[in-house]
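**Q** Residues per chain, in single letters:
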Amino acid sequence: ETGVTQTPRHLVMGMTNKKSLKCEQHLGHNAMYWYKQSAKKPLELMFVYNFKEQTENNSVPSRFSPECPNSSHLFLHLHTLQPEDSALYLCASSLDRAPMDTEAFFGQGTRLTVV
Amino acid sequence: DAKTTQPNSMESNEEEPVHLPCNHSTISGTDYIHWYRQLPSQGPEYVIHGLTSNVNNRMASLAIAEDRKSSTLILHRATLRDAAVYYCILSGGGADGLTFGKGTHLIIQP
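Sequences listed follow chains A and B, in order.
Residue numbers 1436 to 1550, in our numbering, belong to the letters of the first sequence in order.
Residue numbers 140 to 249, in our numbering, belong to the letters of the second sequence in order.
Do not take every clue at face value.
To be verified - Part of the chain B face toward chain A, derived, beta carbon under 8 Å:
#1 Gln181
#2 Ser230
#3 Gly236
What the hints assert, rightly or not - Below, in silico cross-link-like pairs of lysine-lysine (DSS-like), each with a Cα-Cα straight-line distance of 27 Å or less:
#4 Lys1454/A with Lys1475/A
#5 Lys1457/A with Lys142/B
#6 Lys1476/A with Lys1457/A
#7 Lys1487/A with Lys1475/A
#8 Lys142/B with Lys1454/A
#9 Lys241/B with Lys142/B
#10 Lys1457/A with Lys1487/A
#11 Lys1454/A with Lys208/B
#12 Lys208/B with Lys142/B
#13 Lys208/B with Lys1476/A
#14 Lys208/B with Lys1487/A
#15 Lys1454/A with Lys1476/A
Source of the hints: derived by calculation from the structure; they are not laboratory data.
Positions of the beta carbon are idealized from the N, C-alpha and C atoms, including for glycine.
Produce the entire structure from the sequences given, and follow the hints as far as they go.
**A** Encoded structure:
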């Protein structure tokens, strides 16, 4: 248990569906992140939020839409995804957005399958 | 971003020490050296981090070369539960978040 909770743990969705992934932390952290981990590939940083403001968007397609209503919650809204978007989506949080002298805490991830 | 180089895989025996190397020859003066590990079907887990001096915690030790161009993660007594992918990451330079590479796949033999 890391203190970062992701729901759901598994999700199967069709290409025309709309779904959302949720991440929650009550660690008092100010920065939250979305990562994507495809099979046999390193983790890819998707989005970074600091004090609810987006500070990084690593050229992620618009079919992925993040939302950060407060420092404790982070969502990833999904619509019209492609089968190649199937992956493990990981949420993380840290005290600062550039965790130089602190650690990041990761959730267990949501295993997404697009059919 | 400063890069790190790690062996793709390493194998060790249970109850023996493990030394996982990492090269980071382009490290800048403000980069911290972080180690994370990822067990199968789980999110990454923080292991240890340091700047210049060697560091110890309950999980591992981090030995940092004097010129900071390389470091070694030391697991003092490996168990089967230490089998994971270990990532060496540099954090600093104003970049947000952590940039993961391919890491080292550590195999522990009973």
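**Q** Each hint should be assessed against the structure and marked as holding or not.
**A** Structure-based check of all given hints:
1. For Gln181/B, the suggested interface contact is upheld, since its CB lies about 6 Å from the closest CB of chain A, less than 8 Å.
2. Given the 8 Å rule on beta carbons, the hint for Ser230/B holds: about 5 Å separates it from the nearest Cβ of chain A.
3. A cut of 8 Å between beta carbons decides the hint on Gly236/B: the least distance to chain A is about 5 Å, and the hint holds.
4. Pair hint Lys1454/A plus Lys1475/A holds up; C-alpha atoms about 25 Å apart against a cutoff of 27 Å.
5. Our distance criterion of 27 Å between C-alpha atoms is broken by Lys1457/A and Lys142/B, whose separation comes to about 31 Å.
6. A C-alpha spacing of about 23 Å is found between Lys1476/A and Lys1457/A, which places the hinted pair at or below 27 Å, so the restraint holds.
7. Between the alpha carbons of Lys1487/A and Lys1475/A the distance comes to roughly 32 Å, so the proposed pair goes past 27 Å and is violated.
8. For the given pair, Lys142/B sits about 35 Å from Lys1454/A by alpha-carbon distance, which is inconsistent with the 27 Å threshold.
9. The hinted pair formed by Lys241/B and Lys142/B meets the criterion: a straight-line CA distance of about 11 Å does not exceed 27 Å.
10. Only pairs whose Cα atoms come within 27 Å are accepted, and Lys1457/A paired with Lys1487/A is accepted, the gap being roughly 15 Å.
11. For the given pair, Lys1454/A sits about 45 Å from Lys208/B by alpha-carbon distance, which is inconsistent with the 27 Å threshold.
12. A C-alpha spacing of about 11 Å is found between Lys208/B and Lys142/B, which places the hinted pair at or below 27 Å, so the restraint holds.
13. Pair hint Lys208/B plus Lys1476/A holds up; C-alpha atoms about 25 Å apart against a cutoff of 27 Å.
14. The straight-line distance between the Cα atoms of Lys208/B and Lys1487/A is roughly 36 Å, outside the 27 Å bound, and the hint therefore fails.
15. About 24 Å separates the Cα atoms of Lys1454/A and Lys1476/A, which keeps this hinted pair within 27 Å; it holds.
Taken one by one, the earlier hints fail for this structure at numbers 5, 7, 8, 11 and 14, listed in ascending order.
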